[in-house]
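Student: Chain A is already provided as a structure; the job is to place chains B, C, D, E and F on it using the hints.
Number of protein chains: 6
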Amino acid sequence: MLKKLADLQAGNDFEFPVLLKQVDVRTARNSKKFLAIVFADDTAELPGKFWDASAQDIKDFVAGKVVLLTGKCELYNGSLQIKIITMKIAEANTYSLNQFIKHAPLSQKQMQEQINELIFQITQPKWNRIVRFLFKKYQQKFFEYPAAKSNHHDYVGGLAYHTLSIANLAQKVCQQYPQVDQSLLLAGTLLHDLGKTIELSGPLNTQYTLEGNLLGHIVIMDGEIVAACQQINIDSNDEEVVLLRHMIIAHHGLNEYGSPKRPQLLEAEILHALDELDATITMITKAEKRVAPGEFTERIFGLDNRRFFVPNALASNNDDIKN
Amino acid sequence: MLKKLADLQAGNDFEFPVLLKQVDVRTARNSKKFLAIVFADDTAELPGKFWDASAQDIKDFVAGKVVLLTGKCELYNGSLQIKIITMKIAEANTYSLNQFIKHAPLSQKQMQEQINELIFQITQPKWNRIVRFLFKKYQQKFFEYPAAKSNHHDYVGGLAYHTLSIANLAQKVCQQYPQVDQSLLLAGTLLHDLGKTIELSGPLNTQYTLEGNLLGHIVIMDGEIVAACQQINIDSNDEEVVLLRHMIIAHHGLNEYGSPKRPQLLEAEILHALDELDATITMITKAEKRVAPGEFTERIFGLDNRRFFVPNALASNNDDIKN
Amino acid sequence: MLKKLADLQAGNDFEFPVLLKQVDVRTARNSKKFLAIVFADDTAELPGKFWDASAQDIKDFVAGKVVLLTGKCELYNGSLQIKIITMKIAEANTYSLNQFIKHAPLSQKQMQEQINELIFQITQPKWNRIVRFLFKKYQQKFFEYPAAKSNHHDYVGGLAYHTLSIANLAQKVCQQYPQVDQSLLLAGTLLHDLGKTIELSGPLNTQYTLEGNLLGHIVIMDGEIVAACQQINIDSNDEEVVLLRHMIIAHHGLNEYGSPKRPQLLEAEILHALDELDATITMITKAEKRVAPGEFTERIFGLDNRRFFVPNALASNNDDIKN
Amino acid sequence: MLKKLADLQAGNDFEFPVLLKQVDVRTARNSKKFLAIVFADDTAELPGKFWDASAQDIKDFVAGKVVLLTGKCELYNGSLQIKIITMKIAEANTYSLNQFIKHAPLSQKQMQEQINELIFQITQPKWNRIVRFLFKKYQQKFFEYPAAKSNHHDYVGGLAYHTLSIANLAQKVCQQYPQVDQSLLLAGTLLHDLGKTIELSGPLNTQYTLEGNLLGHIVIMDGEIVAACQQINIDSNDEEVVLLRHMIIAHHGLNEYGSPKRPQLLEAEILHALDELDATITMITKAEKRVAPGEFTERIFGLDNRRFFVPNALASNNDDIKN
Amino acid sequence: MLKKLADLQAGNDFEFPVLLKQVDVRTARNSKKFLAIVFADDTAELPGKFWDASAQDIKDFVAGKVVLLTGKCELYNGSLQIKIITMKIAEANTYSLNQFIKHAPLSQKQMQEQINELIFQITQPKWNRIVRFLFKKYQQKFFEYPAAKSNHHDYVGGLAYHTLSIANLAQKVCQQYPQVDQSLLLAGTLLHDLGKTIELSGPLNTQYTLEGNLLGHIVIMDGEIVAACQQINIDSNDEEVVLLRHMIIAHHGLNEYGSPKRPQLLEAEILHALDELDATITMITKAEKRVAPGEFTERIFGLDNRRFFVPNALASNNDDIKN
Amino acid sequence: MLKKLADLQAGNDFEFPVLLKQVDVRTARNSKKFLAIVFADDTAELPGKFWDASAQDIKDFVAGKVVLLTGKCELYNGSLQIKIITMKIAEANTYSLNQFIKHAPLSQKQMQEQINELIFQITQPKWNRIVRFLFKKYQQKFFEYPAAKSNHHDYVGGLAYHTLSIANLAQKVCQQYPQVDQSLLLAGTLLHDLGKTIELSGPLNTQYTLEGNLLGHIVIMDGEIVAACQQINIDSNDEEVVLLRHMIIAHHGLNEYGSPKRPQLLEAEILHALDELDATITMITKAEKRVAPGEFTERIFGLDNRRFFVPNALASNNDDIKN
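Chains as they are written, first to last, in UniProt numbering: chain A, 1 to 323; chain B, 1 to 323; chain C, 1 to 323; chain D, 1 to 323; chain E, 1 to 323; chain F, 1 to 323.
Calculated from the structure, these hints are not laboratory results.
Just so you know, even glycine gets a beta-carbon here, dropped at the ideal spot from N, CA and C.
The calculated lysine to any residue pairs, modelled on SDA-like cross-linking and capped at a C-alpha distance of 20 Å, are: (1) E:LYS172 to D:GLN176; (2) D:LYS137 to C:ALA227; (3) C:LYS33 to E:GLY11; (4) A:LYS261 to F:ASN305.
Partial list, derived from the structure: chain F residues whose beta carbon lies under 8 Å from chain A: (5) LEU266; (6) LEU277; (7) ASN312.
If we strip away everything but chain A, and leave its shape as in the complex, we get (with noise of 0.2 Å):
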């Protein structure tokens, strides 16, 4: 029995409850309201029309709903698409929103242990204080939040994942190169990213904000930052806060990515080059799980439209990967 998007061909009938997780209202031709839908639980999206909209249909059918859906799946300019049959609102606490949307591999409280565990190693003690206040500040977005509003981490918790990913690449590379200060690296891993629970508006149906869009994430943590120091009694201007400010704001690397200053210190330089393979490593293996082995993926936007190849002979080593 069918029970999830992912399940779908084309030519299927089905019933079962979706998310909506995009609504957008429209006029028709013939002057009538019509919704457009992007449906959504954890394992796909799919689009679909409702047609002839009354007033309270558009009152209900809001973005964040559960609906109970009947409809068929049809195949239409090569892509999937719902044609809604029925569609009604689920009762309340009938289902929990969490079972409709995408999650991290790990646990909020994973998690969360790991990031306590990193803050626990970041002995200097001003970059230790700051990063601990802006971790209370905003650490329930933080492990809500996606990494991007596309592109790549973009699900509940990504932006949580992205940070441990790139924490866990910074700790071994310390290892390797003992120069590297690993109290500076940790901290400004843990907070380059902290302003995109600013700079986007949530989980779902993910925009900038009005500071995303005019500020952008840099500019907002580093702001957060001078803020941060006022209440706990740092000046903002000692050489340590004006090192961890730097990590943030140079952590793009080019001026042209929006870095206001190229790094300058050896782990910018490093946390730069570790957020970005992060980010390529977990494009890469998002389009390669579209395709077959033997064929390319489509052209990644955030990798200068380049194409990747699945070889045949590793066909074996993309099971089982998490996202």
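Tutor: Below, chains B, C, D, E and F alone, put in the same frame as chain A:
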């Protein structure tokens, strides 16, 4: 009688007081120390070497001191330089430092009045309070600092003078284009380079500070606005504050020039254009004053190494231009 | 009662005169001809299709005609369009073409007076004679042509209005920076885009001419200056003429934008900056008028595809702005 | 016996006539004047300094004079230079200037005949008349000027020789690709660099003129075509003339290299390619003649600072190559 | 009577044999399969759709088959397309595939003779042996493959024809510039694109192979030279072989275009220039044949999206040109 | 007692054995020969000049010899140099060359063992055999050569040490991201720079060879893989071999850096990133060791001329770092 550096020609003997603008201690081939000095007064700058410097000389002759200098002006490799005959520290109180350094064409008092008048025209209350708070905090340095290490407005009061020039242009643009918000444009103009009071070390022997190198005046000033908001109880994420912060961070226009975001407000685009226009006119004028009509200037680094032609036809226009 | 295109909403029936601004003859899938029309008046432009066009229809309904149109306004793919019910050519003399096309905010007479005043301020005799000669030759077109095919000042009189806006800014710059030669700057300003009267086909249905495509308005105007000099007996290699020609050929600022030489005169650099400033303000304002406060504009092609934000905070400033 | 500059090696004493190709008057550290001279004959160029120059010396020893020079050849910083022992102006009429300067491999008479033959092949009447008119006007300079200040074809007659080389290639291309219009390609070829007779000062001590700096040879020649048309009663906006003007203004291929329009005619694209090909071959050959087989040349500025390898395998091919 | 695709106009009914050049199996909205076909003969290509394709149809109608097609020519969205009425596979042996595909203007025999003549002119023994070995190995494909997937010389024999065109130009350049080594230039010319026989899948339905995508024809041919040397006992690190390998790897001219080294030999620079020149002329000519005199071509992707103008003045030149 | 070059300060007299690392024969202004020498031991390098060199001196004092040097250390233009008093060739067998040159932090034996262990982990049979074959062929040079002429790992064994550093990082990445194929990543890592044993001349007096200049180590190693396949009977166009060849040719990441193809395999992208990361960390560390805490390094050419800051705060971390 020769009284100023600008009077000297190759072969002249002279005796008058000058400022030690820059002093580097170096070791000669014979392993003795010598001082590589830049002498300056308000008319010109000339280099000279003080050989066989004793430990006492090194202690006495530091940048910022005024000396009574007896010397001869010589031509070397096509440039004038000073051959030092005798040199002694001027009595304290004999000369004011101000006599020996280049100043803005307006007095500090004149500039202060104009700034006050401009702040008065910022009618939006939050912007007015933020600007007022920050000018009170940095006003001393604002009227003393240069606008740049070299290139343009590199003299005492240059920062204030450059800011006023842009503000004058801004007012004219507001008259011609009523859709421009004058409060926002003036608030952004007044604050846009104020971070240079932290980025640079001061009006003499100007160097980049650590904050200047690792953060830059754009990020510094954004942090100062955040800190100011905390102190005067304004939420730094209010739309009005976000707009003002965007004015600062976007004023270099391009990511490549250090702006983490490109202008996304009409007023931000205008501030960038006027900043560039005033700097450009000033750089060209400074270079043109060094050559005769009918000649091309030296290549101007800040203008893509272009050379500019001083027409014979316009020779009379270049008399008596200030800065 | 509905009288203008800007009044129409989806579902409205209407009958009023409009201009055929653009008419393309095409063949439908059934092999019959149809007309793809852009209707216009001085308030808006809307597209519509005239099906099954006879040979006579094709001959009658050409761009530039005014028709009495009976139709219905419909929404299609999110845009309004006209469903034509009946359409007939308006009697000659019933309507003036001028009623149906967008004009500069100033009348031709007002602009003519301002231009005369500006020419009067060009006190250098050769420049004055050349400018006077060329304005006499092209004055008719100068006051009718747009300043560009689209982007900015794309209306009747746009070329003159754009030229005057720059000239106004230029006068203010000359007041603030006395080292600028006002004669040269104004002469260059008045001529800089005059070549567009040859580069473009005219104010309606604007296209690039062959000269426009293969030579461009920069080279065209340089040739016109050479030809003018021959007719009024000035040597086109005189320094003064070379300066003026340089003003024209350098006004795009960068080789990449079609200037064969980058600016090498202070006045040429300023002309380039003011040209860009006026075009930029105009493009942003035009885009902002299409969206509500709190929204971002569409991407603006001429500004590197940037979007601009219309602040809620400044909403009251955008009332009653011209062009 | 040593008779030419190319014969000299470090340590040689010599006495023979040479040309003063370049003479700069400078002031030595001891405040006396000296002359920095470039001596030349048709085999080589070598620098030397004439110390303690009197006012009479400065007046006598100017660029363009032939002197009887007694001197010694020395090695300094890895380069040969002349130590002047005595030097006196050669009697007028003793030597012809031509003996001392480098010339094109063909005589002016040979080149004149080839040019005439090429003009004869321009069968389109307007292009033929324009080319004929302009060659009559500038023919004297055309056969004397170099094709560039340095880089390539920087000798007497270089402009004509470069033009003929391209024209030869052009004829071969027309044979192989009959779709190419030979009249247009040859007319464009003959005129494309003719503006250098105004852009440059002449074959000796070559400098850019004011027109050269502010307009450039591309714009200069376009203006000359316009002026020519006026004098021979051709409308400079005829399609044929516009095509020819486009050939000139597009021949640098890229906006970045000073063409206000990129090629939009097959013939314009070919002219650009052949111009580049001839210049490239000539630059590489010139550089390769300065090094031995098995070595790399110096970096060639005009070819993106690339170095080229002279293979041992091909050593025999490089004998007796002209220019 | 209509016999070829190029004869068809909108509304024509026809029946004649054509080639299935490309066939894609897709699923329609009604979940049935259909075939998206490109029909071709040696005069033109036209698209059409075969609806409701059975499993047998899918098996029968594959690319490379000749079918007897009854259909109607229709205009859709401004382009001609085929409405299929009946379609059946042509009897084997009824038609030769060659009748339906575009060929080089020369026969394979003619091209073979010219290639033999060229190899004869490679007088350096190692280069001669390597070229002979590789042409023997790949000669079959060399005379059948296109020179590119699309863009230029995209027909049977295009690779050989493009190679010969360059070789002809190369011989002319060697005549004009005797310093060029003809053996090296011809050996490099003959081999430069030979790797395309491995990079591409063949003359019909041309695709990139895995080697083509991951290595490219430049690296492929370098490897082939190394392998050839092993088989005919030449050391692949001999200077002569290194020169030849450099000719191949540098022929794209710029790193950005896939050459791992830029040209460092005179002959390598020339090969790059002539390769580009022949491709450019061919692309422009191909585009110009699709439009009438007085019009601009479509934008040409391979030439930076430029459009080219077909002058009225030159209309008579474009008759009877071979591709 | 002073025993090593690193001990010397300006003014010191000394006598100890050193290596002649580089010797250039030049001619002085007095026409006599002299030797420009770089002296080296395993602690430092210093320049000196040997004047009036006889033919015998030139024959004796060649690069690679150890000499017993009596001299004085002097400061000149801010840099230390050696004034040679006496210098004589050390007896053969008195000193081992190894004493005087910088080595990798690991012994050759240690590195050999690690390499063997890594090859053991390449479980794919074809890759294992190819790697084994090529390491057997080039192993001697692999453990002696530097990884670059200068920049980073420019010492004996640098190539092997750099390769091992990347391989260590690669193993960690494989642990963290199980979707990465470790065999392919390690095989590519081990071979990626092996071509430098042909591109460079050796560990002392390192120069580019002709193959290095005209082909580069990327193309060289691709050719070596092809040749190896022929010798061990593997088809070089097998998918597995194509994958490995792609790892080599794509490892510079960008066409601009000499890769004829950009990475199209996950493993190729990772190899590129880790190669860059190790080189970057090494370059920064090398530069930081030359300056004191609180200072910026010199500009690093290989990192876009950026300078890096050595924080006071982290001073204790930089003790005892290897290479």
